Amino acid sequence: MESSGYLWTAFSLAWALVFGYVLLLINRQRGLRHDIEALKATLKEKEGRK
Amino acid sequence: MKSKILLWVSLLLMVFNFYMIFIYAPIEREMGIVQKIFYLMVPAGWLALLSFVIVLIGSILYLVKRESRWDALAFSAAETGIVFTTMTLIVGSTWARPVWGVWWVWEPRLTATLVLWLIYLAYFLVRSFTAEESRAARFSAIVGIVGAIDVPIVILAIVVWRTQHPPALIFQGGLAPEMLQALMVSIAAFTVLYVLILIQRVSLKNDATEIARLKGLLRED
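Chains A and B supply the protein sequences, listed in that same order.
Heads up: the first sequence at position 50 corresponds to 50 in our numbering, and the numbers run straight through without jumps.
Heads up: the second sequence at position 160 corresponds to 160 in our numbering, and the numbers run straight through without jumps.
Quick caveat, the hints were computed from the structure, so don't treat them as lab data.
Keep in mind the model is a prediction, meaning the values are calculated, not measured.
Watch out, some of these pointers could steer you wrong.
As the list claims (entries may be wrong) - To spell it out: a stretch of chain A is covered by chain B in this simulated footprint if at least three of its residues, at any positions, have a beta carbon under 8 Å from a beta carbon of chain B; those stretches are:
1. 3-9
2. 20-31
3. 34-43
Ideal Cβ positions, reconstructed from N, Cα and C, are used throughout, including at glycine.
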């Protein structure tokens with residue numbers, strides 16, 4: 001591999017790692033939103049029973 | 001709102017950082033273009049160490065005050081830290097191959113950085129093997145405090161031992177002014193990105209803790 005190949009490999013891998021982690025966080029945030037919606041639905045159901 | 005401002009600052013700084021690395025900073029005579037990996041390796045290494053300092057502070061404050069926000073800070077810094085330590089190891093290896101002719105050398109700085117990565121891993125293993133949240137926070141805080149011993153070892157490895165790793169050129173005036181300026185911009189750009197990610201991670205952790213608490217309350221009802 002040429003020197004420039006190593007340079008692009010390093011930058012690509014580093015940014016792939018950062019983007020991968022940010023995507024993971026976005027995914028977790030979606031999961032939490034889903035949990036919040038489920039909690040709201042449960043609360044409504046409980047209030048309805050009262 | 002603050003996060004949006006930080007996001008824009010981070011984006012603009014990162015664009016400027018790319019300009020500084022690839023256009024402004026000159027190509028080093030001996031190593032050639034591969035030396036530019038340095039502008040990625042140093043900020044990644046700095047953030048790996050900074051994370052561990054934050055883990056240490058968060059862990060101590062959690063053990064003293066027993067407030068979950070300090071555990072959230074330590075946990076989030078550990079997670080962000082493992083990302084940047086992984087980046088340091090990958091980018092470092094990609095630099096070592098063309099410069100040293102090998103992907104990996106068991107020399108003090110590299111080995112201490114690998115140990116740092118393993119300590120981060122231990123931090124999460126301890127958490128995942130402990131079912132109760134407060135116990136997990138307590139045990140991982142101890143790992144965070146004990147593991148911080150590795151931070152000065154990583155920093156001083158190139159001073160104390162004879163090593164293949166390049167010396168701290170930044171502090172010895174061995175860098176051309178343009179290179180030093182590019183490095184400083186890169187450190188600033190990555191630090192802002194790190195702060196942005198850390199804030200989001202802490203917020204996620206706090207939300208998850210709150211949701212878990214509410215779920216528990218609902219189950220009790």
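Hint-by-hint comparison with the structure:
A count of 5 residues in the segment 3-9 of chain A with a Cβ less than 8 Å from any Cβ of chain B is obtained; the coverage claim is therefore met, three being the minimum. For a cut-off of 8 Å, the count of residues in the segment 20-31 of chain A with a CB near a CB of chain B stands at 5, and the three-residue condition holds. Residues of the segment 34-43 of chain A lying with their CB closer than 8 Å to a CB of chain B number 5, which satisfies the three-residue condition for coverage.
Checked against the numbered hints listed earlier, the structure breaks none of them; every hint is satisfied.
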